[in-house]
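**Student:** Sequence:
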Amino acid sequence: MHYPEAMELPDDMEGMLALLERMGPDSEDGEGSTSLHDTGPSFQVRVSSMDSLLCTVTAYGGWSSHRLKMAVQANSSWSEHRQRLFYGTQELCGVLLQASRHPDKLSDLLNDPCEGAVINITAVSRTTAQEEFLEALAGMLCDGDVSDLVQQAPAEVRGDRYCMLAVVAWNYNYPDLEFASEELRTDREFILQCVTIYARCLWSIGQNLVGDRAFMEEAIRRSPSALAYATDDLKDDEALVRLAVSSSPAALVGAAPRFKDMKELVLPCVTAHGYSLRDMSDRMRADREVVLAALCNQPAVLEYASLALKADTSVVDFALRHCAMEWQRQKVQEEAATARA
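Under UniProt numbering, read the sequence shown as residues 1 to 341, first letter to last.
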């Protein structure tokens, strides 16, 4: 029987929620539309290009920058992918905000405007090639290979920070970063922005930096799972390991073996992510407290426990009590039967 495997997700769950918002039903956000995001104070946003007023929309503090762009699109001739919106020097751009771990909420971005306030926003136009690329990319959200689209894009797209970050943020297609311009591929801050969105980007960009301690320390601060892509000597650096697990206990999976035998680190890790029991030391997988903590999170990980614990009736009963799905029960029962045979 096939059982579900653990799924590796980005550290940035706000980014995942932003992606779900783009995929959701709120695609026609004009004046008069309502949604769960219409919370907080309402205020007027005057959006002007360098030449003229584009539109005025009623916005809410709970809106994201993407929601604002959709409202501007519904009330002007500018598509969301053409728009670069600025409040002073701050660009209101979900992908760039995600890459810097900045909250993407108008109340935060616009300095908590009060009810009825009038906010002035400047709109700058992207090039036609960039607009068309982003529109095509958005049409392929989490839907297959975008390599051809990226590889065939003109230089003004492959050299644009936002366009290349969108490839990662919208599709998690980190291998396609190899098609970014050389200037971006050698830009440490751009690489860190990519890593902030999805640590796996280090597989295709920044390979020359994974042994650079200063770079990896910053990468781990932004995305703890970046530890898994560091060189072996840095994975064995206790300060870096503790930095990673202090923000995300599950980052222990990427550390050197000796840390996976430290109960003080292992227990929080398996509590947060049961499947990580698979990567812990034999001693930890034979530790009753550690195994029970992992089973609370995911009962099916009984398969990674020691043979003695898999055959222990009290441990098996504990796992069965935490099964929410039939496949989990079957998995636990099969593992117990095999251990007792």
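It should be emphasised that the hints constitute simulated quantities derived from the structure, not laboratory data.
Even glycine gets a Cβ: it sits at the ideal position worked out from N, Cα and C.
Some hints here could point you the wrong way.
What the hints assert, rightly or not - Distance windows between CB atoms, simulated: (1) Gln207 / Leu307: 37 to 43 Å; (2) Asp233 / Glu334: 36 to 42 Å; (3) Thr122 / Arg329: 29 to 35 Å; (4) Ala117 / Gly159: 52 to 58 Å; (5) Asn297 / Pro103: 42 to 48 Å; (6) Thr58 / Ser100: 52 to 58 Å; (7) Ala117 / Ser49: 17 to 23 Å.
**Student:** Sort out which numbered hints this structure fails and list those numbers smallest first.
**Tutor:** Hints 3, 4, 5 and 6 are the ones this structure does not satisfy, whereas the remaining hints hold.
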